[in-house]
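Q: Chains A and B, in that order, are what the protein sequence lines are.
Residue numbering for the first sequence follows our numbering, beginning at 1 and increasing consecutively.
Residue numbering for the second sequence follows our numbering, beginning at 318 and increasing consecutively.
Simulated from the structure, these hints should not be mistaken for lab results.
Nothing here was measured: the structure is a model prediction, and the numbers come from that model.
Computed list of lysine-lysine pairs in PhoX-like fashion (alpha-carbon distance at most 25 Å, straight line): (1) A/265 x B/585; (2) B/585 x A/83; (3) B/363 x A/317; (4) A/152 x B/490; (5) A/175 x A/17; (6) B/490 x B/500; (7) B/587 x A/317; (8) B/585 x A/317; (9) A/265 x A/296; (10) B/363 x B/461; (11) B/489 x A/152; (12) A/282 x A/94; (13) B/471 x A/83.
Just a sample of chain B residues kept apart from chain A, beta carbon distances all over 12 Å, derived: (14) 321; (15) 365; (16) 366; (17) 461; (18) 525; (19) 551; (20) 562; (21) 563.
Where chain A lies over chain B, by a calculated footprint (3+ residues, C-beta under 8 Å): (22) 481–492; (23) 497–503.
From the three backbone atoms N, C-alpha and C, an ideal C-beta is built for every residue, glycine too.
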Amino acid sequence: MSSDKRITLQQAAEIVKNGSSLTFSGFTIWRRPFAVIFELIRQQKRGLHLIEVNGGPQTEFLVGAGCVDIWESCWVGHELYGKYGANLSRKVGKKEILVEDYSHAEMLFRFTAAATGAPYAVTQTSLGTDIHNPEYDMLGRAGKRDGKRIAKHKYIFTEDPFYGAGAQILIPAAKVDVAILCVQQVGEEGTVRVGGQIYSDPEVARAADITIVMAEEIVPEEYLRRNADQNTITSFEVDHILECPFGAHPTGMFGKYDVDGAFLKDFYANTRTQEGFDAFAKEWIYGLDHIGFLEKLGWERMLNLRANTALNYRPRK
Amino acid sequence: MSNYALPEEYNLADLLCCASSREVQDNEIVFAGTGLPMVAIMLAQKTHAPNLKLIFEAGTLDGRPPELPTSVGDARCESGASRSSGLFDAFSIAQRGYVDLGFLGGAEVDQYGNLNTTCIGDYLNPELRLTGSGGNPDINSFAKRTVFIMVHEKRRFVEHVSYITSPGWRVKKWPGGEFVHRKELYGAAFRGGPSAVISTAGVFRFDDQDGHMYLDTCHPGKTPAEIKDLCQFDLDISRVAGETNPPTREELHIIHNVLDPDQIFIPKVKKA
Numbered sequence: 001m002s003s004d005k006r007i008t009l010q011q012a013a014e015i016v017k018n019g020s021s022l023t024f025s026g027f028t029i030w031r032r033p034f035a036v037i038f039e040l041i042r043q044q045k046r047g048l049h050l051i052e053v054n055g056g057p058q059t060e061f062l063v064g065a066g067c068v069d070i071w072e073s074c075w076v077g078h079e080l081y082g083k084y085g086a087n088l089s090r091k092v093g094k095k096e097i098l099v100e101d102y103s104h105a106e107m108l109f110r111f112t113a114a115a116t117g118a119p120y121a122v123t124q125t126s127l128g129t130d131i132h133n134p135e136y137d138m139l140g141r142a143g144k145r146d147g148k149r150i151a152k153h154k155y156i157f158t159e160d161p162f163y164g165a166g167a168q169i170l171i172p173a174a175k176v177d178v179a180i181l182c183v184q185q186v187g188e189e190g191t192v193r194v195g196g197q198i199y200s201d202p203e204v205a206r207a208a209d210i211t212i213v214m215a216e217e218i219v220p221e222e223y224l225r226r227n228a229d230q231n232t233i234t235s236f237e238v239d240h241i242l243e244c245p246f247g248a249h250p251t252g253m254f255g256k257y258d259v260d261g262a263f264l265k266d267f268y269a270n271t272r273t274q275e276g277f278d279a280f281a282k283e284w285i286y287g288l289d290h291i292g293f294l295e296k297l298g299w300e301r302m303l304n305l306r307a308n309t310a311l312n313y314r315p316r317k
Numbered sequence: 318m319s320n321y322a323l324p325e326e327y328n329l330a331d332l333l334c335c336a337s338s339r340e341v342q343d344n345e346i347v348f349a350g351t352g353l354p355m356v357a358i359m360l361a362q363k364t365h366a367p368n369l370k371l372i373f374e375a376g377t378l379d380g381r382p383p384e385l386p387t388s389v390g391d392a393r394c395e396s397g398a399s400r401s402s403g404l405f406d407a408f409s410i411a412q413r414g415y416v417d418l419g420f421l422g423g424a425e426v427d428q429y430g431n432l433n434t435t436c437i438g439d440y441l442n443p444e445l446r447l448t449g450s451g452g453n454p455d456i457n458s459f460a461k462r463t464v465f466i467m468v469h470e471k472r473r474f475v476e477h478v479s480y481i482t483s484p485g486w487r488v489k490k491w492p493g494g495e496f497v498h499r500k501e502l503y504g505a506a507f508r509g510g511p512s513a514v515i516s517t518a519g520v521f522r523f524d525d526q527d528g529h530m531y532l533d534t535c536h537p538g539k540t541p542a543e544i545k546d547l548c549q550f551d552l553d554i555s556r557v558a559g560e561t562n563p564p565t566r567e568e569l570h571i572i573h574n575v576l577d578p579d580q581i582f583i584p585k586v587k588k589a
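Make the full structure from the sequences, and use the hints.
A: So, in structure tokens, the structure goes:
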């Protein structure tokens, strides 16, 4: 029982098929499942449909590598290490990718709806903006709204039928095939304990049909069950687990390591063009495995990212 | 407030930071974004608004970080917080109406405070795709007041933004797209809207009735006519109240020695 859920990095990436819809744990440049992202790129996945509460470096790597056909989200960039998503921007300009824009709260509520088994959510956010411009329903324009995995409508305008509170927007639940999470601890049976902000991890894990959890460490299930109130995601919501230290690098992980800002700056500066991306990927992704990647980064760099376990981050002084 | 710094003792980032900080009132619940606004809010917390409550979009509630976070997802956010949680809490608290003030910015703004952070040019054939909305429209929809921090260039203060990412005072009513006052659209969810723009040229506010932007104060050394010339729309300069107050020496000390000694967001004045 206890080892049933264990898989390898390679197997985790194999679960994602060409054309799968996919989402991740984390927030912008924190706790993104990079070891699996790199493996997806090595396996040359195609036609992926990313549905993200917010994007980040993981979006930029997958988009730059040509893995993604559709991106539904609200934001992409590298925070202070790169002000926008240059790879996505380039592919939007060349019409090599479909982008469906929602607001951040809308994306969160779409996942919350899916996580509660509801077909849609209702909200008052972003009224009056071009996010709700009927001309800008890009999946509709592309004829992809089949009402199966992609909703029949981008949104529906309605009025509050109960309290007369006025204009409301209905937004469809986010239906995703696979969620890949990157966390501090997972138990042998799948119980997840996230350290620090949980972002939208519980919602995306529950929304997805298949949930894969990559953790810094797999710990005895019994250890997590001693303090069940501190756990974040239930054992049976998790289908597969794997252990992968520094699996979030170059993004950061509360209590474990800070964001590798220099790496992200370097990526942002050098991947504005496709040639730049290809060269970066050749150097840092292709032909390496996770251990090879860490060896290339080197001890000094990794030790300088390590969090102080009392503070949960690496103090600047 | 007689301890104002001399022009050679501060730079534009200091001025923006202090002007932003002064928009915060004590006891308010403030939604923090990454960057200069975070320094501004923490400056307010250490000066005139010690009881403000800070919400980080990634899920920290009533945070009191001892060291400046580099983004709202940062592990530094939650030190000393009332709760460390997630986006569901941050956004449901905002939609519930708890948030008094949020700080935002954008690539373009129009005279009614509509912001664009999505694309330059036609959305269907963009000249440049930008970052996208993030939480910008959500904060602008939910908060009682929002303050925009903007680089002041003529190409950014426009008659019509390429794409309304975030709602100002006159917004589009769908499905037709005609412009209406936001009060008409938001109904029971109406709580307020953009209250100030702090640009690198001056401080702007919005008319109580029709929501158009007017110049409130000019930054030291700038004239109303110069600033009007930096807008593509016909800026109202009939209500100018004077000059933006410069930073005080106490504020500069807190910014550079306490909050951001490593100059992550606010560079120090270079000594001549």
